[in-house]
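Enquirer: One-letter residues, chain by chain:
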Amino acid sequence: MSDKAIIQINAMTKVYDLGQVKVHALNGVDIDIREGSYVALMGPSGSGKSTLLNILGCLDRPTAGSYRLGGEDVSAMSDRQLSNIRGQRIGFIFQSYNLIPQLNVVENIHVPLFYQGKDIRTCYDHCARLAAKVGLSDRLDHRPMQLSGGQQQRVAVARSLVNNPLMVLADEPTGNLDSTTGEEILALLDELHADGRTIIIVTHDPKVAMRAQRVIHMKDGVVDREDFKTAPERVAAQSGHSGLLFKMILPGSLGPNVSPYGAGTTGAETEAS
Amino acid sequence: MNGFSLLRIVQLGFKSLRLHKLRSGLTMLGMVIGVWAVITLVAIGEGASHDAQEAIKRLGAHNILIRSIEPTEEKTGGSSTRNFVSEYGISYHDASRIQATIPGLKRVLPEMLQRRTVFFDRFQQDCQIIGTYPFYPDFTKAQIVRGRFLSEFDDLHRNNVCVLTESLAAKLFAHQDPLESQVRVEEQYFRVIGLIREMSDVGQRPQGGEQEGRPMDSNVYIPLTTLRARFGEMDMDLRAGSFKLERVELSQLRLEFASIDLVEPAIPLIRAAMDKDRKKKDYELIVPLNILNAIKEQRARDTRMLLYIACISLLVGGIGIMNIMLATVTERTREIGVRRALGATRTDIVLQFLIETLILCLIGGLTGVAGGCAFAWAREYFFHLTTIITEWSVVAAFGLSLAVGLVFGLYPARRAAALDPIEALRHS
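Residue numbers (this note's numbering), protein chains in the order written: chain G, 1 to 273; chain F, 1 to 428.
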């Protein structure tokens, strides 16, 4: 794992001017994310979690503060530049899959490359390989309507990788799936992480967050606290059990920071420091 | 944006439109009907005006027609004048004066028309006896079907020869070759030397209102000199129990000019020549050139009106397309958000929707062009009505449909591109 921080956020604020009132969605956020890390972003609604996600995904610009993505300051880029950044450096996975209904599996995977001017004929094999990687090699010409939710989300995972992004942003990727298929998607994300991808996942499900190395809790527009997972906990999460259950089975074998509901980040060395 | 991406966006457009076949088809229908209407209407209008112009041209744009008409005073003079011989019309004197004084005149063709009955064997037909000069067919573009027309020799010797119109011959001769047969008009026998086919011709109309309904195409042509010698200038009209005698020297004069430019200035001169020593207005001037110009003007007006109608129908089609595209943009807000998130710029989105609209218009326009041409062809082929597809109407209709697509597609496309990607992604 590289020590290079691919995401550097400094004193970031975001203010929505609604006329009479100004809503401070982000109130000075500082986050560094290293290459290859697996980060979960949690927090109640109104915590600034979504705003942060939008800015991370270059869908929005901060009011103040800097955001360096892969060493490049993207906080003041134009709409067109941001579009290019999104297309080249970020892979998106959405809660509701968001595949394009009129395109088949391979074509859907190809979409980000399409907007970089790459013909599907020249990168068909690349797209088909990704489809095979998510286990859909026999459905290359199926339309999203002909696929189950889990399969659609697999296509979305493959699509998020097609441009070889700096990071994959997953917004509630299991929110619309039952636990079994959700588990399959999370396993896929684990695989990506194992391959060295940087993954940022937004979730409100502690079981999902448990799989990340690092959980960032947002509250009132600031980073409330961060949890850093040790290996056994993540193993437990990956095995399909909830962290909570694991803790009950093996009480005391883990630190007090097991539960995401826990009070502090005691004992864990801060990766960001 | 390179050429390949444009092609891809076009393919994408087809895919999106195929997703809603019925909707796309109905949207296109507006365009199809608009373009079809332009082409068909213009083709029909063009055909009609072509027919009219041809008829006039046959009279000749180089020509002026002077025709004898019964003066109105005598016509309405009451029963007391009924039994008198009414004398009116163009005289030989007028003809020679015109020939002598009008500049630019190439030829003068006199015609004497009399209504008679022609007999052959047991058959008989009402007809017009036309006494004229040998160059008549050349002048009127009449077509000699068989035999020959009258010659200078016939004229000089007042020969009893005649040429029949094809249709008259068909009625008169059931089982026999008309050529070299003898037909009888009153006490005179005439040898048939040729058959002729008249172009439908304004000059060949029966004169005035009273003779309407007489066959126009039953003509017997004989040398003018023969007509004068055998029948004189008296014409009898026996109709509906009334009896009328007319004395007319020449029924009409056709003047041919060397060029079209000479026609217009000659008109007042002809009037002056005719009106000299004339007490009553017993002639009319027919100037085909004027009629031709009037028809051309009328045609320009009609065409303009057709274009207005067509523009309105295309406008309606365009509004329909805009309506559908706006609905599509709303319906596909999610897709737009996704595409933006995956790296599409605003320009990409504008292009995508604009090209979809243009595809609708293009296919609609092409279908309309094909439909219009097919209709025009069918009309010509099955109903034998002159229908002329003009290039400009095809180009204009097609161009207009594309312009409509551009104009009415731009707004929905811009609206799609203006969507905030975050809002668009959240749209359900």
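A couple of the hints might just be wrong.
[Unchecked claim] DEER-style ranges, computed between Cβ atoms:
| no. | chain 1 | residue 1 | chain 2 | residue 2 | range |
| --- | --- | --- | --- | --- | --- |
| 1 | G | N10 | F | D420 | 20 to 30 Å |
| 2 | F | A374 | G | D178 | 48 to 58 Å |
| 3 | F | L366 | G | D138 | 33 to 43 Å |
| 4 | F | L366 | G | Q81 | 53 to 63 Å |
| 5 | F | D420 | G | Q146 | 44 to 54 Å |
These aren't lab readings, by the way, just hints derived from the structure by calculation. A virtual CB, placed ideally from N, CA and C, is assigned to each residue, including glycine.
Enquirer: Each hint should be assessed against the structure and marked as holding or not.
Expert: Here is how each hint holds up against the structure:
1. Between N10 (chain G) and D420 (chain F) the C-beta distance comes to about 25 Å, which sits within the given range of 20 to 30 Å.
2. Checked against the hint of 48 to 58 Å, the pair A374 (chain F) and D178 (chain G) passes, with Cβ atoms roughly 57 Å apart.
3. Between L366 (chain F) and D138 (chain G) the Cβ separation comes to about 39 Å, which falls inside the hinted range of 33 to 43 Å.
4. Our hint of 53 to 63 Å for L366 (chain F) and Q81 (chain G) is violated, since their Cβ atoms are close to 40 Å apart.
5. At roughly 31 Å, the beta carbons of D420 (chain F) and Q146 (chain G) sit outside the given window of 44 to 54 Å.
Violated hints for the displayed structure, listed by number in ascending order: 4, 5.
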